[in-house]
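A.B. asks: The chain contents come next:
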Amino acid sequence: MHDVEQLRINVTRLCRGLLMGFLALSVWLAYWHVVRAPELRADTQNPRTRDRLKVIEPGKLMTHDGVTILTGERGEEGWYFEYPGHETYCHLTGYNLKTGLQATLHDALYGLGKYEDPIVALLRGQPQGCQITLTIDAKAQEVAHRLMQDKVGAVVAMDPRDGSIRTLVSSPGYDPPRVLESPDDFMIFQNHPDKPELNRALLGQYAPGSVLKILTAAAALDMGVVKPDDKFTCAGKATISGSEIRCRLPKGHGRISFTWALADSCNVIFAEVGRGMGPAKFREYVSRFHLLDAPALSLPARGGRMANMAGPKAEVECAEAAFGQGATLTSPLAIARMTATIAAGGAVPVPKLLEQVKSARGRLLARLKPEAEGQAVSAAAAKAVTKMMVETVNRGTAGEAAIRGVAVAGKTGSAENPTGLPHAWFTCFAPADNPTAVVTVVVENGGAGGEVAGPIARQVLEALLREQEER
Amino acid sequence: MSVARRREIVLLCLVAVITALGMALTCAALHNSAVRATRGVVPVAILLLVSFLMDLTGKGRDRTLLPIVAMICGIGIIMLWRLEGPRSFQASKQIVWMTIGAGLMLATYLVVVDVRSLSRFKYIAGAGAVLLLMVTMIWGQERYGARLWIAVGNLSLQPGEFAKILMAISLAGYAADRGQIISQGGRDRWGLPLVEIKYLGPIGILVLFCLALFVTQRDLGAAVLFFGLAVAVIYLSTGRRTYVLLGLIAFAGGALLASNMFPHVHRRMVAWLYPQSDPSGAGLQTLRVMYGLGEGGVLGTGLGLGMPQKMPAVATDLIFGAVGEELGLAGTLALLTLFAMATFNGFMIAWRSRDRFGMLLAASLTTVFALQTLVIVGGVIRAFPLTGITLPFVSYGGTSVVVNFISIGLLLAVSRDCTGAPERPLRNHA
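The listed protein sequences correspond, in order, to chains A and B.
Taking our numbering, the leading residue of the first sequence gets 1, the next gets one more, and so forth.
Taking our numbering, the leading residue of the second sequence gets 1, the next gets one more, and so forth.
Just chain A, with the same shape it has in the complex (with noise of 0.2 Å):
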């Protein structure tokens, strides 16, 4: 019996170290359900994180006025994307979940993350995408849209009241089910010189010429360096720390006040006016506007760049930069919202393009709050400008944005770079007394600001106030 006995002590052993085992594994199984667990969900490679999209029936994404620009279809395989608004809205909406707001709004769109319903979430159904509505101005968009057909550039539109974007255009475009259609046609984008999937409005780093005396004329004015009816004189060309600056009228334009250097355009006293302000000042109004900031949108945004004037050449790269040239690179938004500034009595506006986000059972889970990073210039400065700006409008270069019975203030810009002819811009808001609307228009290439991009700016600025008018 006793051969009986060690054998059974011998049973027990193996069964504790079997049993073992399975204590093991349960920890390693805990594992991977509790620790690992996360990290595995959000694993791009997880083939569940796209099929589990096609089951759930996403959002919406509208203007501000209403016009669907992004719904979800129902087909054989599940949801998927439909684009109404085709090439007119593609650089907001993308063409797949990883480019536009389809990326950045991915969560919202499909009601995930935290705008899950916490019902839906604990009962562990089907969660449903979020309506959201844009800022955009469908009109305006629509208008800008056309108008930039044959053209490379970018038309950025905007509210100076509260930020809120009202058309984002860049062009050339493409048509997002297209690009999806066939692999042909997502060579577009590989072989098109003109990169059609730059949203330029946003990253396009474009040197911005005359439009940038606009900060220069609100600095000095702030400053008290200067009035608007100061005289200078120009003689088609200066010397500042040993290099020329050149003006746009080979023999000068004489002797002038300050409001018509802006309104005609004037380097040589602008260079003379940012050599005064100094390159430290000048540098700090620069920052008191943000314009080299890159703002917090829902899209991926760039700010700007400039010469950071601290070097032996500081006042050339300060008077330079003063009239928007030397090393001076910023945005169409940047731009737009430099006005807006202007526009809003000083007020640096942030940019807005949610207007707001409901939930599929019509909760309002955001809404835009209207926001401003402090005041770049007095509002008596930027009144001044204002009243500057419409004399450019009225009688100097920017005629081309004059609109009958309203107050349009605007600059031009022909900012010369190294690829051919001047890039065209053209910023103005109206009406000069309240405005309402700012629109910002580059053309690549386009020559000379007033008559190229002048004319679009226009249009969009009568869609925007047609649109208030109505309201």
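Keep in mind that the hints were calculated from the coordinates and are not lab data.
One or more hints might be untrue.
Unchecked claim - A few chain B residues that don't get close to chain A, going by computed Cβ distances all over 10 Å:
1) I9
2) L11
3) W139
4) T316
5) V377
Stated by the list, open to error - Straight-line C-alpha distance at most 27 Å; calculated DSS-like pairs for lysine-lysine:
6) B:K59 / A:K98
7) B:K93 / A:K54
8) A:K251 / A:K237
9) A:K237 / A:K227
10) A:K281 / A:K227
11) A:K195 / A:K139
Claimed, not checked - Restraint ranges, calculated between C-beta atoms of paired labels, are given here:
12) A:G362 / B:L273: 28 to 36 Å
13) A:E39 / B:S117: 14 to 22 Å
14) B:R36 / A:G113: 53 to 61 Å
15) B:Y123 / A:E39: 53 to 61 Å
16) B:L284 / A:A327: 46 to 54 Å
17) A:A296 / B:A252: 40 to 48 Å
18) A:Y80 / B:R36: 32 to 40 Å
Note that beta-carbon positions come from the ideal geometry of N, C-alpha and C, so glycine has one too.
Dock chain B against chain A, hints included.
C.D. replies: The following block gives chain B in isolation, referenced to the frame of chain A:
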């Protein structure tokens, strides 16, 4: 009616209720016919019937094993039903196999009146195991890269599965006869009873032969099982941990060698350690299971609400991953606990047995069962490389289900013999 018998019936009824609930939930999620779902209770009902029929020949036997097995079967049927496509009837087929298996379990229990009589067949059983494995070598069909199946009419069988039982009988019989010599004769040298190694010869030859067969058939999971069984039997009869240690070292060396010699073993190793290196090939299974476990989290997506179809071979080898996705950590731990309970119960039967052979047979069969569970679950959840074997009573597969039922029948037969065994708590021997 004895207390133990009533408990068995109550537990089986409870299993039936739980299974029916699971089937109902699955139906609701998948919009299946509720009438068809009632079939899920069939295996439990049959086990209840089997329990009555077993009792006709006498009342003394283990009363816990059947309810545990029934619950595991129930979970298996629910999962297979959930994974069924529009034109596959795996759950229904599995119910048929379970019925056959339960019948054979009953037959085994009734035929093997005295378990000790089986020890007479130890050499025949050993030869039979070798023969069964050779059969697949000659007439076998290769599927999924392994030669494990033979076709009999419309059915395909895995003879290797039967070999597991025969091998357990053979090893238990041999160790029961020679055990006394093994554990008492000879001197120790370096902690090893060197003299008796010659008595282990037949075991070694048998095991090596089977291993060679398995390696040539590329059935590494079964090779691991056989090796583990041999080490367990040697440990049981000598009580020396050194043999287990030597076994583990030999195993690690063998695995390393196999990884260098066989490309398919190497692929498995790479897939285990670096699944990302070949995410669409060898690493696919591993990665897909991990995603499933992550999706399940603690409570699971719910029956019918996950996407376990994203895992390859989900109804057979990887079914544990499907449990992980839809029932979560709660479900996998529950299932693992059931397997651990069955293992514990099997060893309890061995422990209570009054003779060496019964004890060794029960322990061997339970070891195979436990090792099979550990190897496949550990492989699925990436604790070690994946080897393609079935999860007992859960994976789809006729032979596996039938063979596992037969070995439960043998265990119950052992448990019948040992009523009246010393009722001392197990821990006294710790």
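A.B. asks: Quick one: which hint numbers does this structure break? Sort them smallest to largest.
C.D. replies: Failing hints, ascending: 5, 6, 7, 12, 13, 14, 17.
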